[in-house]
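J.: Since chain X is already given, all that's left is putting chain B on it; use the hints.
Protein chains: 2
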Amino acid sequence: MEIILAKRAGFCFGVKRATQMAFEAAEKEGKTYSLGPIIHSPQVVHRLEEMGVKVLKGLGEITDGTIIVRSHGVTSEELEEAVQKELEVVDATCPFVKKAQENVQNLSEAGYEVVVVGDADHPEVQGIVSYAKGKVYVVGSEEEAARLPKMKKIGIVAQTTQSFDNLKHVVLECLRKGAEIRIFNTICDATAVRQQEATALARTVDCMIVIGGYNSANTKRLAEVCAELQPRTHQIETAQEINPAWFGGVAKVGVTAGASTPKWLIDEVIERIREIDSAKTS
Amino acid sequence: MEIILAKRAGFCFGVKRATQMAFEAAEKEGKTYSLGPIIHSPQVVHRLEEMGVKVLKGLGEITDGTIIVRSHGVTSEELEEAVQKELEVVDATCPFVKKAQENVQNLSEAGYEVVVVGDADHPEVQGIVSYAKGKVYVVGSEEEAARLPKMKKIGIVAQTTQSFDNLKHVVLECLRKGAEIRIFNTICDATAVRQQEATALARTVDCMIVIGGYNSANTKRLAEVCAELQPRTHQIETAQEINPAWFGGVAKVGVTAGASTPKWLIDEVIERIREIDSAKTS
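Here the protein sequences come in this chain order: X and B. First residue of the first sequence? That's 1 in this note's numbering, and the numbers climb one at a time after it. First residue of the second sequence? That's 1 in this note's numbering, and the numbers climb one at a time after it.
Among these hints, one or two may not hold up.
Said to hold, decoys possible - Under the rule of at most 27 Å between Cα atoms (straight-line distance), these lysine-lysine pairs were calculated in the DSS-like manner: (1) X:Lys177 to B:Lys168; (2) B:Lys152 to X:Lys153; (3) X:Lys99 to B:Lys150; (4) X:Lys168 to B:Lys177; (5) X:Lys150 to B:Lys98; (6) X:Lys99 to B:Lys98; (7) X:Lys177 to B:Lys99; (8) B:Lys135 to X:Lys168; (9) X:Lys153 to B:Lys153; (10) B:Lys99 to X:Lys152.
Claimed, not checked - Looking from chain B toward chain X, a few residues come up when the C-beta cut is under 8 Å (computed): (11) Leu175; (12) Ile181; (13) Arg182; (14) Asn185.
Honestly, the hints are just simulated from the structure, not real lab data. Ideal Cβ placement from N, Cα and C applies to all residues, glycine included.
Extracted from the complex, chain X is given alone in its bound form:
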């Protein structure tokens, strides 16, 4: 079998940076924590746990030590609490997410009502929203945007992993809602680029493997868009989940991975597929 790995599979800039910062912090003396999983990869989180980094649900659980802020960011209240508790803060928030948080704060302070284009349940969005000091709305679709009230000054910011189409729809709806609109296009192209490359690959192979956390929204979406083009698409977290039966009659396998999937997990998957292939042909 030919195994083709998508050019940009796995870690995006922000996740790579956050992971590096977390491993560096873990190597230092003292108690180290992360507020929520540092990235949406249970395997990376597990490795950090083995190095002593405990995942907290809230800062109420600790009184001292080092707290790593995950790549998706936290709320301004949580960051404030960490500072007040005099914890050592390692801020691994993705710089693109940080920018969106800052934009929301600035818009809010300048008197704009803020619309965040994104998924209200996602921790990134909850963090971004917390920086609004005035009115703020989270809008996930054109339909939700249509229900927004009339506003005087509207500020628009997007969850970094949103699709450009969704931002477009919300902007058009908002054009009817207010006389002044200020948009910060905070969408990061890492998600779009991974999807474009993965779908291009899915068209040319007989089987598609998508690696990434089941809690990772971008990996889930990556698997969805591939499955639309290649029914033999499988999402896995680790090489152990691979079923040799998937490769019956397969000449070409495509492999891609979500933005929070580390290289070592990708390498293990490719290695495992090679083993299965050897067993088939021998």
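T.: Same frame as chain X, now just chain B:
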């Protein structure tokens, strides 16, 4: 024949205000001028000329007197020249146009490159554009917007009589051109309201009369949209242009007028149609 006049035919807020200011200025002592036609109605301009208001092509022609700034506004350089010459300035610029000029100036001073959605040849647009102190582009269509360069901060303002659809298309194109976009929706609904009422009327009548200056863009467009629905649509400037043959077999006549058409011209047209109808039936 039944004659139905569109509810909102003729003078919009800005034109009514400008005309009042011009007639008041004309009644005062001293030399009075307007820079370009005060509104796009040759008949109103002619009345003002009879009262002594001379239409200038440029301020170079005069050294003193009162200058009336037309409803469409003038360039910042022209206004500056008038102030330097110590002319008395009667600023009849439509407040909505004034707002667009101010928005362009503020955007420009705040470091935005400015996109004006409008017709580059229109005096209103030429006035608005002159308030940009940095880069400024006039964009009349989606195709022109697609040719805009990449920019960092884009400010968007519209000619007050533009269609919402055109603004929408330009905004969407600009979303791909820059990371920050600030939009002032300076479209005045007077144009859209007149078009909506006129087209609703055109559907129900056998003949449609549209009154307004041949140099008036909004009147021309009003006649175009009516003609699409009612082939027996005629644009006229005055009652004298009416041809009785237009009304052969007509039971219902619709009448509307552009935003720069005074009430007395509309009244004369209705009177003339009544006369023709009386002659037909007697």
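J.: Does each hint hold? Answer for all of them.
T.: Hint-by-hint comparison with the structure:
no., hint, verdict
1, X:Lys177 to B:Lys168, "holds (13 Å)"
2, B:Lys152 to X:Lys153, "holds (21 Å)"
3, X:Lys99 to B:Lys150, "holds (20 Å)"
4, X:Lys168 to B:Lys177, "holds (13 Å)"
5, X:Lys150 to B:Lys98, "holds (24 Å)"
6, X:Lys99 to B:Lys98, "violated (34 Å)"
7, X:Lys177 to B:Lys99, "holds (19 Å)"
8, B:Lys135 to X:Lys168, "holds (25 Å)"
9, X:Lys153 to B:Lys153, "holds (18 Å)"
10, B:Lys99 to X:Lys152, "holds (15 Å)"
11, Leu175, "holds (6 Å)"
12, Ile181, "holds (5 Å)"
13, Arg182, "holds (5 Å)"
14, Asn185, "holds (5 Å)"
Comparing the model with each numbered hint stated earlier shows that hint 6 is the single one that does not hold.
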